[in-house]
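S.K.: Place chain L on chain P using the hints.
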Amino acid sequence: MNVLLSLNTLAGGLFLLTAFGTVATRQARGSLNLFIAQSFLLASSALLLGIEYRSEHLYGVAAVNVVAKIILIPWILRRTLHEEVYTRREIDQVMNIPSSLLAALVLTFAAFFMTGPLQQALAPQFRGTNIPVGFAVLLLGAFTLAVRREAVPLLIGLLAMENGAFFAGISLARTMPLLVELAIATDGLIVVFIAGVLIRAVHQHIGTTEIGALTRLREVSAAVEEEVA
Amino acid sequence: MTVVILLVLPLAAAAISGLPWWRAGLAATIASSVGAFALSIAIAGDVLRTGAVEAIPKWIAVDGLTALMLLLIAFVAAMSALFSWGYMSRTVHEPARMRIYFANFNLFVFSMLAVPVFVEPTLVWITVELTTVCSALLVSFENTHEALEAAWKYVVLSLMGAGVALLGFLVLFAAMQAAGGGDYTWDGLVAAAPRMHGVLLATAFALVLVGLGTKVGLAPMHTWLPDAHSQAPSPVCALLSGVETITVLYVILRLVPVLSGAHDSNVKTWTTVFGLLSAGVAAFLLLQVRDYKRMFAFSTVEHMGIILLAAGLGTASARYGALYQAMTHALTKSFCFFAAGVALLVVGTREIASVRGLIRTSPVAGATLLIGALAIAGAPPFGIFLSEFSIFRAGLAEGRYWTMGALVLFVVIAFFGILLQVNRMVFGEGSGDAPVAPIPRTCYAALACSGALVIAFGFYLPQPLDRLLRLGALALGR
Numbered sequence: 001m002n003v004l005l006s007l008n009t010l011a012g013g014l015f016l017l018t019a020f021g022t023v024a025t026r027q028a029r030g031s032l033n034l035f036i037a038q039s040f041l042l043a044s045s046a047l048l049l050g051i052e053y054r055s056e057h058l059y060g061v062a063a064v065n066v067v068a069k070i071i072l073i074p075w076i077l078r079r080t081l082h083e084e085v086y087t088r089r090e091i092d093q094v095m096n097i098p099s100s101l102l103a104a105l106v107l108t109f110a111a112f113f114m115t116g117p118l119q120q121a122l123a124p125q126f127r128g129t130n131i132p133v134g135f136a137v138l139l140l141g142a143f144t145l146a147v148r149r150e151a152v153p154l155l156i157g158l159l160a161m162e163n164g165a166f167f168a169g170i171s172l173a174r175t176m177p178l179l180v181e182l183a184i185a186t187d188g189l190i191v192v193f194i195a196g197v198l199i200r201a202v203h204q205h206i207g208t209t210e211i212g213a214l215t216r217l218r219e220v221s222a223a224v225e226e227e228v229a
Numbered sequence: 001m002t003v004v005i006l007l008v009l010p011l012a013a014a015a016i017s018g019l020p021w022w023r024a025g026l027a028a029t030i031a032s033s034v035g036a037f038a039l040s041i042a043i044a045g046d047v048l049r050t051g052a053v054e055a056i057p058k059w060i061a062v063d064g065l066t067a068l069m070l071l072l073i074a075f076v077a078a079m080s081a082l083f084s085w086g087y088m089s090r091t092v093h094e095p096a097r098m099r100i101y102f103a104n105f106n107l108f109v110f111s112m113l114a115v116p117v118f119v120e121p122t123l124v125w126i127t128v129e130l131t132t133v134c135s136a137l138l139v140s141f142e143n144t145h146e147a148l149e150a151a152w153k154y155v156v157l158s159l160m161g162a163g164v165a166l167l168g169f170l171v172l173f174a175a176m177q178a179a180g181g182g183d184y185t186w187d188g189l190v191a192a193a194p195r196m197h198g199v200l201l202a203t204a205f206a207l208v209l210v211g212l213g214t215k216v217g218l219a220p221m222h223t224w225l226p227d228a229h230s231q232a233p234s235p236v237c238a239l240l241s242g243v244e245t246i247t248v249l250y251v252i253l254r255l256v257p258v259l260s261g262a263h264d265s266n267v268k269t270w271t272t273v274f275g276l277l278s279a280g281v282a283a284f285l286l287l288q289v290r291d292y293k294r295m296f297a298f299s300t301v302e303h304m305g306i307i308l309l310a311a312g313l314g315t316a317s318a319r320y321g322a323l324y325q326a327m328t329h330a331l332t333k334s335f336c337f338f339a340a341g342v343a344l345l346v347v348g349t350r351e352i353a354s355v356r357g358l359i360r361t362s363p364v365a366g367a368t369l370l371i372g373a374l375a376i377a378g379a380p381p382f383g384i385f386l387s388e389f390s391i392f393r394a395g396l397a398e399g400r401y402w403t404m405g406a407l408v409l410f411v412v413i414a415f416f417g418i419l420l421q422v423n424r425m426v427f428g429e430g431s432g433d434a435p436v437a438p439i440p441r442t443c444y445a446a447l448a449c450s451g452a453l454v455i456a457f458g459f460y461l462p463q464p465l466d467r468l469l470r471l472g473a474l475a476l477g478r
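Quick note, the sequences are listed as chains P and L, same order.
Quick note: the first sequence, position 93, residue 93 per the numbering used here, numbers continuous.
Quick note: the second sequence, position 332, residue 332 per the numbering used here, numbers continuous.
This is chain P alone, in the form it adopts within the complex (with noise of 0.2 Å):
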């Protein structure tokens, strides 16, 4: 195990607990600064893993990411939602904090457990702490997605996903064209500004950046509102 390798594996940590960070977070911005971080330790696993392999492609992976996910995402989150959506903190919780954790907790064992299989099938340079954090991060971004109900975490839940696909992604595909990797970074500013603008439109209709709690749209419920009125 060389030093480049055991910094990965620390990236990789680190990686993980910023996801769990957004799983606990109650505040916009906390979360924001999360996923910044998040991303940053994508891009340095993504320059660590390329110094080892000697792998230019990697080196672009981090640059794309520093540039679209440290600066570009959260440039346009504040130039598309108001700075009121910042501040919110989340008041009704589907889940208190320890026990989402601790479901975290147990979404990232069956992560664990659940890439031992696809390790195996793996020749030995490809196998490292990327894929079981990776699918971990994808899991628990998709679990932030169940448990919140303010605009930017679930969004923050969303871009989780995409930064777990992509960290395990590092180690599984090395050498996918880098034209790939930049279509991949502009679509992925696409998405925000395009949930920036739905989340928007939101707050200026409905009055709540709670957009999670929305509920109107059932299959009985329509029908015995229409009762009720």
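These aren't lab readings, by the way, just hints derived from the structure by calculation.
Quick caveat, the model's predicted, so the values are computed rather than measured.
Heads up, some of the hints might be wrong.
What the hints assert, rightly or not - Some chain P residues near chain L, calculated using beta-carbon distances under 8 Å:
| hint | residue |
| --- | --- |
| 1 | L17 |
| 2 | A123 |
| 3 | M161 |
| 4 | E162 |
| 5 | A165 |
| 6 | A168 |
| 7 | L172 |
| 8 | T175 |
| 9 | I184 |
| 10 | D187 |
| 11 | A195 |
| 12 | V197 |
Claimed, not checked - If we take Cβ atoms under 10 Å as the criterion, some of the chain L residues that face chain P in the derived model are:
| hint | residue |
| --- | --- |
| 13 | I126 |
| 14 | E129 |
| 15 | A150 |
| 16 | V155 |
| 17 | F169 |
| 18 | A178 |
| 19 | G181 |
Unchecked claim - Stretches of chain P that chain L covers, calculated by requiring three or more beta carbons in the stretch to come under 8 Å of a beta carbon on chain L:
| hint | stretch |
| --- | --- |
| 20 | 62-72 |
| 21 | 139-153 |
| 22 | 206-214 |
C-beta: ideal position from N, C-alpha, C; glycine also.
M.R.: Just chain L now, kept in the frame of chain P:
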């Protein structure tokens, strides 16, 4: 080269739609979508003559399956553009919002046409994600509470699925590298499949099936679909339900021959489970809908299940049936949403219980809704009856009696679910003399064009189209 022009057309129309005169945008939208349909016919002709067309090696190529998808997308887009003309000028009054609508409409059509054209799986993944972001603002277009909620659910669940699918495509890439490399294209994958490690391949397929299956609307990931497909403006619903779903399903189908190439393959189990589950869940949900646009949306979930099931069966005739069903679904479902849109214009409500005796208040709306419901439920003599029948026959020939028995049961339940509701709407006792809004002329035109095909395909399948379906089915097998 034609393929590239096909992609540039809607982009140009989107740019023109951004100009300050909305009528220019409307004209450009209709011209470009009709042009795209003509080009897709030309491409299909080329493919029938030469087998496959390659525009940019390793990136863009057209085979039978791609040509079929392009044809369907371009046809429904052209009809939907025509329908939008009358429908949107009736429902929207601000020119600025018209411009936003047509710009988004063209971008959405572009993103759908791009999906089958690329052959590099990760680029295809990006185009699938683009279909979500380009259509999100169309779903939320009416800016009501319900529309915004539906759009948000649609975006979040589709993008969640996309994250899972991305990991799947990366694992697939790793599996290919581990098996000695080759071109990372659909054809390259099929060629390399027997050398790939079974575990990697199965993991990749499962991730892609669950991830993209969310966007296709396969049960149990279908929950967003009836919301989005009922809240969007009707011409957009026709695109979403008619072709967007099969465009994404197409990506999953491309992986079926890859997985069945691995030696201990369980592709049949995966497709059967998800296919039957979708058809079953949708059939029972169809019995209790209260909104007629949601009803057609649930029927989409059912059809996606049937197509997936058929594509995984494993014989050439079943694969042919799957594509046949995809084609009849695209034509019929878009027609259904046009009919639903006309009914909505006439009566002003989406609730089934408030619509009674539609055939008397508006004979055109009533008759088209009835034809659409009969056709989509699978009554003879319409195309879907023939395609479903060909799937049953293929399944029985393979000896899969239990699966086919369950499928027949679900199809019958769905049939009665749909017809019960529509029968009450069309023939029920109602007020009858409520004031009726006139139907715009272009809506008639769109209904007539797509309706003519819905009826004609029940009797007659043109020979070139039959050959294209056979050629497409080749791409789904090994």
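S.K.: Please go over all the hints and tell whether each is borne out by the structure.
M.R.: A quick look at each hint next to the structure:
no., hint, in the structure
1, L17, "violated (20 Å)"
2, A123, "holds (6 Å)"
3, M161, "holds (4 Å)"
4, E162, "holds (5 Å)"
5, A165, "holds (4 Å)"
6, A168, "holds (6 Å)"
7, L172, "holds (4 Å)"
8, T175, "holds (7 Å)"
9, I184, "holds (6 Å)"
10, D187, "holds (5 Å)"
11, A195, "holds (6 Å)"
12, V197, "holds (7 Å)"
13, I126, "holds (5 Å)"
14, E129, "holds (5 Å)"
15, A150, "holds (6 Å)"
16, V155, "holds (6 Å)"
17, F169, "holds (8 Å)"
18, A178, "holds (6 Å)"
19, G181, "holds (9 Å)"
20, 62-72, "violated (count 0)"
21, 139-153, "holds (count 3)"
22, 206-214, "holds (count 3)"
The structure fails to meet hints 1 and 20 from the earlier list, while all remaining hints are met.
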